[in-house]
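J.: Going down the list, the protein sequences come from chains Z and A.
Under the numbering used here, read the first sequence as residues 1 to 320, first letter to last.
Under the numbering used here, read the second sequence as residues 1 to 148, first letter to last.
In case anyone wonders, no lab produced these hints; they're calculated from the structure.
The beta-carbon is built from N, C-alpha and C at its ideal position, and this holds for glycine as well.
Don't take every hint at face value.
To be verified - Partial list, derived from the structure: chain Z residues whose beta carbon lies under 8 Å from chain A: (1) Val31; (2) Val35; (3) Leu105; (4) Asn154; (5) Asp270; (6) Ala273; (7) Val276; (8) Ser281; (9) Arg293; (10) Val295; (11) Gln297; (12) Val299; (13) Pro301; (14) Ala302; (15) Ile314; (16) Lys316.
What follows is each chain in one-letter form.
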Amino acid sequence: MTKPKVAICWLGSCGGCDEAVVDINEVLLRVAEAVDIILWPVALDFKYDSIRGLKDGEIVLSVVNGHVRNSEQEEIANLLREKSQLVLAFGACACFGGTPGLANLTTKEDIFNWVYRDAPTVVNPNGNYPQVSTHVNGKELTLPEFYDHVYALNDIIDVDYYLPGCPPPPYLVMYAVSAVLENKLPPKGSTLAPQRALCDTCKRNKSKPDRLAIREIKRIHEVEADPETCFLAQGIICVGPATRDGCGEACMNINIPCRGCFGPVEGVVDSGAKFVSALASILDVQSEEEITRIVDQIVDPAGYLYRFSLPASILKKKRG
Amino acid sequence: MSEYKPKLVCFSCKFGWGYLTDEAALSSKIENWIPIICTGKIDAAHVINAFEEGADGILILGCPEGDCHYQDGNYEAKKRVYILHRLLEPMGIEKERIKLELSIDPEGRRIPQLVKEMSKELVKLGPCRKAKAAEKMPREVVKARGGE
Numbered sequence: 001m002t003k004p005k006v007a008i009c010w011l012g013s014c015g016g017c018d019e020a021v022v023d024i025n026e027v028l029l030r031v032a033e034a035v036d037i038i039l040w041p042v043a044l045d046f047k048y049d050s051i052r053g054l055k056d057g058e059i060v061l062s063v064v065n066g067h068v069r070n071s072e073q074e075e076i077a078n079l080l081r082e083k084s085q086l087v088l089a090f091g092a093c094a095c096f097g098g099t100p101g102l103a104n105l106t107t108k109e110d111i112f113n114w115v116y117r118d119a120p121t122v123v124n125p126n127g128n129y130p131q132v133s134t135h136v137n138g139k140e141l142t143l144p145e146f147y148d149h150v151y152a153l154n155d156i157i158d159v160d161y162y163l164p165g166c167p168p169p170p171y172l173v174m175y176a177v178s179a180v181l182e183n184k185l186p187p188k189g190s191t192l193a194p195q196r197a198l199c200d201t202c203k204r205n206k207s208k209p210d211r212l213a214i215r216e217i218k219r220i221h222e223v224e225a226d227p228e229t230c231f232l233a234q235g236i237i238c239v240g241p242a243t244r245d246g247c248g249e250a251c252m253n254i255n256i257p258c259r260g261c262f263g264p265v266e267g268v269v270d271s272g273a274k275f276v277s278a279l280a281s282i283l284d285v286q287s288e289e290e291i292t293r294i295v296d297q298i299v300d301p302a303g304y305l306y307r308f309s310l311p312a313s314i315l316k317k318k319r320g
Numbered sequence: 001m002s003e004y005k006p007k008l009v010c011f012s013c014k015f016g017w018g019y020l021t022d023e024a025a026l027s028s029k030i031e032n033w034i035p036i037i038c039t040g041k042i043d044a045a046h047v048i049n050a051f052e053e054g055a056d057g058i059l060i061l062g063c064p065e066g067d068c069h070y071q072d073g074n075y076e077a078k079k080r081v082y083i084l085h086r087l088l089e090p091m092g093i094e095k096e097r098i099k100l101e102l103s104i105d106p107e108g109r110r111i112p113q114l115v116k117e118m119s120k121e122l123v124k125l126g127p128c129r130k131a132k133a134a135e136k137m138p139r140e141v142v143k144a145r146g147g148e
């Protein structure tokens, strides 16, 4: 009997998601016994041509991590979609664009100018910029086209399931793998993680006063945060109220507030917008001056509230 | 050049604005007027959604300070508006595009006037540049989806 074919692939990714797959440890060996891994660029030497040679839908599952920002990433995403029955967007970048998505606050032109011209460590007297096509000694050299925008995977292809996280925790990776192998998948489009907000399971929730009321906002490195107390009660911004649960509180456990890598809770599109309302209601100030003073203590609100989800936010998601 | 007419969405609190007037008659004079029960009810997502749907500006009319029927809805709106100013500016939405006025006008006569005044300011700002970079999809994606 032939084993089901599985592809694991990275697009615009740091490699942390692939590391998360390795982190399922010996379970990985059982997975490797049950399935035939036919593509995994970070770990195994397979060629894209062998994927091109497959029949449509021959791959049972493609686990795709990373965002899409260039034509090569887009081509691979489309190829895997064509050849796969199921595509799982794996990790915050594939699900919502991830931290690289913050690049959508600036333009491609500004990025190129900084990286190839203005950064203090750059020496580029001829003003060379990467070109999609360059002719050298009668030969053509090509590079993928760098797009204007960072895209989440579902901006480019149809995605069947989502597993958020930066990176997704091993136990959810195992749930996802066994759900596929045992054919116990939820309806298409589901996120394979709990539906509630992080605060619902946070151990610090007990320490939260009846009514949160803060008059100062501090950054985590500016104070010695109490490891038992709700971050918001300490005036440290924690986006747990607007973030999906399921991460295993990895950050909380090392005394770092939630930054939102699990994305919005079920039914919410824009976690940043939701957090604005939550944050406003706990600021214990009324006068114009006080509001300005306390809100201005948040350095880079757009970066903070959309750290992982800017390309999937209402204003910055792709359009038609 | 054709005259640019900005799209303005006006939310107003029913406890402070236009409660003595015929809502239907007044709404015929104001485009995109949304009377609501309290400005504290306006979620940041409502404002952001309005921009996404093509609004060039949002005008929020709430009760005077200290006069909220629900105690502090207008203060909540005030805080949200200021956070939104800070949040949306890096995304290309200038703070002048979200305006909050806390006052009282039972007849609602000032609503069309305030809408007109803000529209004039929006004309000066020009069309909202919201999510400019996002409007351009890669050529290949557009092609694959049957576009140009």
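J.: With reference to the structure, classify each hint as holding or not holding.
T.: Outcome of the hint check:
This hint is violated: Z/Val31 has a C-beta 32 Å from the nearest C-beta of chain A, more than the 8 Å allowed. Interface hint at Z/Val35: violated, since its Cβ lies 29 Å from the closest Cβ of chain A, which is beyond the 8 Å cut-off. Below 8 Å, beta-carbon pairs count as interface contacts, and Z/Leu105 has one with chain A at about 5 Å; its hint therefore holds. Given the 8 Å rule on beta carbons, the hint for Z/Asn154 is violated: about 12 Å separates it from the nearest Cβ of chain A.
Proximity of Z/Asp270 to chain A holds as hinted, the smallest CB-CB distance being about 6 Å (cut-off 8 Å). The criterion of a C-beta within 8 Å of any C-beta in chain A is met by Z/Ala273, whose closest approach is roughly 4 Å, and the hint holds. Checking Z/Val276 against chain A: minimum C-beta separation of about 4 Å stays under 8 Å; hint holds. Hint status for Z/Ser281: holds, given a least beta-carbon distance of 6 Å to chain A, under 8 Å.
Proximity of Z/Arg293 to chain A is violated relative to the hint, the smallest CB-CB distance being about 10 Å (cut-off 8 Å). A hinted interface residue such as Z/Val295 counts as satisfied when its beta carbon comes closer than 8 Å to some beta carbon of chain A; here the least separation is about 5 Å, so the hint holds. Interface hint at Z/Gln297: violated, since its Cβ lies 11 Å from the closest Cβ of chain A, which is beyond the 8 Å cut-off. For Z/Val299, the interface hint is violated, the least distance from its beta-carbon to any beta-carbon of chain A being 10 Å, above 8 Å.
Interface restraint check for Z/Pro301: the shortest CB-CB distance to chain A comes to about 5 Å, inside 8 Å, so the restraint holds. Using the Cβ-Cβ criterion of 8 Å, the hint placing Z/Ala302 at the interface with chain A is satisfied: the shortest such distance is roughly 4 Å. For Z/Ile314, the interface hint holds, the least distance from its beta-carbon to any beta-carbon of chain A being 5 Å, beneath 8 Å. Because the smallest distance between the Cβ of Z/Lys316 and any Cβ of chain A comes to about 5 Å, under 8 Å, the interface hint for this residue holds.
Against the hints set out earlier in the document, violations occur for numbers 1, 2, 4, 9, 11 and 12.
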